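Engineer: Each chain, letter by letter, is given below.
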Amino acid sequence: MSENKNPNVGLFVTCLVDLMRPVVGFATVKLLEDAGCRVDVPANQTCCGQPAYNSGDKADASDIARAVIKTFEGYDYVVAPSGSCAGMIKDHYPEALADNPAWLARAEALAAKTYELMSFLSDVMGVTATGAAFDGTVTYHDSCSGLRELGIKEQPRALLASVDGLSITEGKETETCCGFGGLFCVKYPDISEKMVDAKVNDIIATGAGTVLAGDLGCLMNIAGRLQRRGVPVRVRHAAEVLAGMTAAPAIGEPQDSEMGGD
Amino acid sequence: MQPTSPQFKQNARDAIADDPLQAALAKLAVGFPMRRLEAAARLPEFEGLRDQARDIKTHVLENLDHYLEAYEQKVTESGGHVHWCRDAAEARNTILDICRKANAKTVTKSKSMISEEIAVNAFLEENGIEPVETDLGEYIIQLRKEPPSHIIAPAIHLSKEQVAETFRNAHLDLAADRSLVEPRALLEEARAKLREKFLGADVGLTGANMLIAETGTNVLVTNEGNADLTNNLPRVHVVIASIEKIVPTLEDASTILRVLARSATGQDISVYTTFCTGPKRPEDLDGPEEYHVVLLDNGRSDMIGSEFHEMLRCIRCGACLNHCPIYKSVGGHAYGWVYSGPMGAVLIPNLIGMEEAQHLPNASTLCGKCESVCPMRIPLPKMLRKWRERQFKAEIGSPSARWALKSWAWLAKRPALYRMAMNAGVAFLGQIGGRGRFRSLPFAGGWTSKRDLTAPSGDTFISQYHKGVRGDQSGALKRKKVHG
Chain A
1 MSENKNPNVG LFVTCLVDLM RPVVGFATVK LLEDAGCRVD VPANQTCCGQ PAYNSGDKAD
61 ASDIARAVIK TFEGYDYVVA PSGSCAGMIK DHYPEALADN PAWLARAEAL AAKTYELMSF
121 LSDVMGVTAT GAAFDGTVTY HDSCSGLREL GIKEQPRALL ASVDGLSITE GKETETCCGF
181 GGLFCVKYPD ISEKMVDAKV NDIIATGAGT VLAGDLGCLM NIAGRLQRRG VPVRVRHAAE
241 VLAGMTAAPA IGEPQDSEMG GD
Chain B
1001 MQPTSPQFKQ NARDAIADDP LQAALAKLAV GFPMRRLEAA ARLPEFEGLR DQARDIKTHV
1061 LENLDHYLEA YEQKVTESGG HVHWCRDAAE ARNTILDICR KANAKTVTKS KSMISEEIAV
1121 NAFLEENGIE PVETDLGEYI IQLRKEPPSH IIAPAIHLSK EQVAETFRNA HLDLAADRSL
1181 VEPRALLEEA RAKLREKFLG ADVGLTGANM LIAETGTNVL VTNEGNADLT NNLPRVHVVI
1241 ASIEKIVPTL EDASTILRVL ARSATGQDIS VYTTFCTGPK RPEDLDGPEE YHVVLLDNGR
1301 SDMIGSEFHE MLRCIRCGAC LNHCPIYKSV GGHAYGWVYS GPMGAVLIPN LIGMEEAQHL
1361 PNASTLCGKC ESVCPMRIPL PKMLRKWRER QFKAEIGSPS ARWALKSWAW LAKRPALYRM
1421 AMNAGVAFLG QIGGRGRFRS LPFAGGWTSK RDLTAPSGDT FISQYHKGVR GDQSGALKRK
1481 KVHG
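As they're listed, the protein sequences go chains A and B.
Under the working numbering, think of the first position of the first sequence as 1, with each following residue one higher.
Under the working numbering, think of the first position of the second sequence as 1001, with each following residue one higher.
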């Protein structure tokens, strides 16, 4: 747990949240500030480099990694509302920069203070409740990188359990990949469809009205498939619920959605 | 076999549309993982055993030359012969020579992935020798002229009705009114046919789950006992194994056996675990008169020291297949060659070439489930990524995807330009995406063919944040009201 009650946190907002769902960024800032952090949002951040790294473009991935390190190494902590982007920084920057000892050391130093949002709140800041309310039953999807690279499983559930009015019903396949996989879902759409259908079926079987997760990639994939199939389950990033920011439409829904209202 | 890996995408589509296959995969997807979990839960030291098993193979691979020579010496001392073969052709010819010297007409075989890898069955047939698979699943796919679809359950893709039909087509003496509805009836039918073959075979060809250096022993793990009849009854026993199957001691073999069946089928131990050392000794009651080991390299020594070195720890348990969402979606045949699943996606490019197998390392979400269950803790996702790096360097793959990626990366490295471009793009999409999502969008067909695409809200987080926007207003902000 953090010695410093008011650490300086650099928010790595992630490209998807930045472009597609700003409310997750605002929710993240609120959660961090409520926990006592001083939050800064460097304006020159772009992306963590996963699309390049996972496509084998190691040179570009390393360049991007170096840029992120330079931008963020001055903070006490770096927090991202995503297990896969945090995992990229924690696990893969040191791999990508392993050839250069000086950069490896800087990558490892950044890795050591980089966290996914919910594990940071729970494990570092000792947050047990966020004071939010949400009227409804939710189910939670464990996104792969968060779960298997960073060991995030209990933290989001513990925080969500503190939300007034919220109950969690677990799927049988919460730990199974949703079929997003970055560029995988557009390169192999048939297989991805099969996987996301299995995920959607598991979500439907829980009877929950809302599905939550900690990664926007998975969430956009799941939402897109639910909506294509006409299934009225709402999809949100867990941070929105934890921060009490659920006035905005759920993912993929218009402002005046008839499905609105949680 | 001629690989169909280049047609992976079509193979996958066919597999997804194949209802009996999907039914079989759905069963596998539940059964194997559940039983593995139960087996691991029964053994508190399971995770520790995985570490030990990994360490054994890591040590072997660092000293492979030493252990291979020690192993050869022990095989020779016990009266057997070791044949070193660089590639599949050498191994096939070596096996044919042994069969010819034994005047063999029939060769019984117990399940061996290496024999699939070198395609020895077709070769023996071409040379007038009948190979007979005696593992039930292998026997079925041999009759159907198919490759295995799973490394430990080769006919997992078939329903029992398809098996019955296969037997009716192949067993011409089978009475038309004989019922083959029950699995037991299928088993009895195969057993009756195979019994004749066991008794008549001149050579028995088996694989090896391990080769033990300190004793010159090969280990055979089966659930059917067919390997025992294959190695004991014929006059000549030939073991075909690749060089990385070596373990130093009997003790090491037993450590690996403790994780093997648990990882594979969730059994504590397989029904039969057989240790064969050399030919029959004068005081033995049974056993083969000749004992040969065909030791195959076939690209393995090139993997040593490469980024795929750790793949050589693989013990072919199939756990990565059983837990892989891609394998569970498309089955083994889609991979287009002998191996499949995550281990196949790493190994196949090593064996048939990176270009032919280019889809396999890419057809993965890198979800990491495989590594989390691998008894040898092989970092499979990391190695899939390594193949992608090699492909990217060699410019293999779609030029347009490559161009798009390079353009995006170029932009991502220039924050000011990136910001301008993204602000414009997001504003535009926000304008036209008032319904919250797109059902189709030019250049996004890969996504929108299967799912709706969430529309951005019109302004990026960074730009809003630096304009001083905070918290609760964000959701309602800048989103066009849609009427009707």
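I should point out that these hints are in silico values taken from the structure, not numbers from a laboratory.
Where hints are given, some of them may not hold.
Claimed, not checked - The calculated lysine-lysine pairs, modelled on DSS-like cross-linking and capped at a C-alpha distance of 30 Å, are:
{"id": "1", "chain 1": "A", "residue 1": "K70", "chain 2": "B", "residue 2": "K1406"}
{"id": "2", "chain 1": "B", "residue 1": "K1467", "chain 2": "A", "residue 2": "K5"}
{"id": "3", "chain 1": "A", "residue 1": "K153", "chain 2": "A", "residue 2": "K172"}
{"id": "4", "chain 1": "A", "residue 1": "K113", "chain 2": "B", "residue 2": "K1382"}
{"id": "5", "chain 1": "B", "residue 1": "K1193", "chain 2": "B", "residue 2": "K1280"}
{"id": "6", "chain 1": "A", "residue 1": "K113", "chain 2": "B", "residue 2": "K1386"}
{"id": "7", "chain 1": "B", "residue 1": "K1160", "chain 2": "A", "residue 2": "K172"}
{"id": "8", "chain 1": "B", "residue 1": "K1074", "chain 2": "A", "residue 2": "K187"}
{"id": "9", "chain 1": "A", "residue 1": "K187", "chain 2": "B", "residue 2": "K1386"}
{"id": "10", "chain 1": "B", "residue 1": "K1413", "chain 2": "B", "residue 2": "K1467"}
Said to hold, decoys possible - Derived list of chain B stretches under chain A, where covered just means 3 residues or more per stretch with a C-beta under 8 Å from a C-beta of chain A:
{"id": "11", "stretch": "1044 to 1055"}
{"id": "12", "stretch": "1062 to 1070"}
{"id": "13", "stretch": "1222 to 1233"}
{"id": "14", "stretch": "1325 to 1339"}
{"id": "15", "stretch": "1361 to 1375"}
For clarity, every value in this text was computed on a predicted model and none was experimentally measured.
Every residue gets a Cβ at the ideal spot worked out from N, C-alpha and C, and that includes glycine.
Engineer: Which numbered hints turn out to be false for this structure?
Structural biologist: Of the numbered hints given earlier, those the structure breaks are 8, 11, 12 and 13, listed in rising order.
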